[in-house]
Amino acid sequence: DAGVTQSPTHLIKTRGQHVTLRCSPISGHKSVSWYQQVLGQGPQFIFQYYEKEERGRGNFPDRFSARQFPNYSSELNVNALLLGDSALYLCASSSSVNYGYTFGSGTRLTVV
Amino acid sequence: GQSLEQPSEVTAVEGAIVQINCTYQTSGFYGLSWYQQHDGGAPTFLSYNGLDGLEETGRFSSFLSRSDSYGYLLLQELQMKDSASYFCAVRPSSGNTGKLIFGQGTTLQVKP
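Chains A and B are the protein sequences, given in the same order.
Mapping of the first sequence onto our numbering: position 99 corresponds to residue 1513, and the numbering continues sequentially without gaps.
Mapping of the second sequence onto our numbering: position 33 corresponds to residue 41, and the numbering continues sequentially without gaps.
Looking at chain A on its own, in the form it has when it is part of the complex (with noise of 0.2 Å):
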């Protein structure tokens, strides 16, 4: 079985731009959480979806945001980039609401 994908893997954008990042959970998987890393520190949580609606969100600016869809993939988008919105930003998946995630690889965005 697939595991969790996330695409693209690495991304390089410019201040002020939007950005996109995509998550496909493992087949089953209801549950989509995403979090960001600063290289050098542990994940932090932005979002959760459970079944497409939002059941988390971390302390992170409006200039983010997310969504689930019906098949139960997930988009991060981020807007008006800024320098250190650059970061490894990592999707995990779960059958549950609470336990059990798996990690995706991750996308490493970097702005310029």
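A hint or two may mislead.
What follows is a set of in silico ranges between Cβ atoms, one per label pair, in the way DEER data are often shown [what the hints assert, rightly or not]:
| hint | chain 1 | residue 1 | chain 2 | residue 2 | range |
| --- | --- | --- | --- | --- | --- |
| 1 | A | 1524 | B | 112 | 18 to 26 Å |
| 2 | A | 1512 | B | 29 | 41 to 49 Å |
| 3 | A | 1497 | B | 27 | 36 to 44 Å |
Stretch-level coverage of chain B by chain A, calculated; a stretch enters the list once three of its residues show a Cβ under 8 Å from a Cβ in chain A [as the list claims (entries may be wrong)]:
| hint | segment |
| --- | --- |
| 4 | 25–37 |
| 5 | 109–118 |
Keep in mind that the hints were calculated from the coordinates and are not lab data.
We put the CB at the ideal spot given by N, CA and C, even for glycine.
Based on these hints, arrange chain B on the given structure of chain A.
Leaving out everything else, chain B in the frame of chain A:
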């Protein structure tokens, strides 16, 4: 608020035993998890302590003491492939979400 503290780096030799500590300050959580991450790839779940005590999974063991706000990951019979970053994480008991709060991570270097 919640925070978890880990040593930033640990070095050990192949075949040895190493312990990675995690101390935390949190108002309440469901359990302590440990993840392994190689070179900024996908974090991989290693172990979970929902209750105080020791959990053993092959070469890896994890311990939790809620009264001491402390946990650790124990790696035995170290192998070169164990060189990676290790993160402790908790799921807060406030709010019905799968949000995980991660420590800053410990980089383990295994030497021959």
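Structure-based check of each hint:
| no. | hint | verdict |
| --- | --- | --- |
| 1 | A:1524 <-> B:112: 18 to 26 Å | 22 Å, holds |
| 2 | A:1512 <-> B:29: 41 to 49 Å | 26 Å, violated |
| 3 | A:1497 <-> B:27: 36 to 44 Å | 37 Å, holds |
| 4 | 25–37 | violated (count 0) |
| 5 | 109–118 | holds (count 5) |
In terms of the numbered hints stated before, the structure departs from hints 2, 4, listed from lowest to highest.
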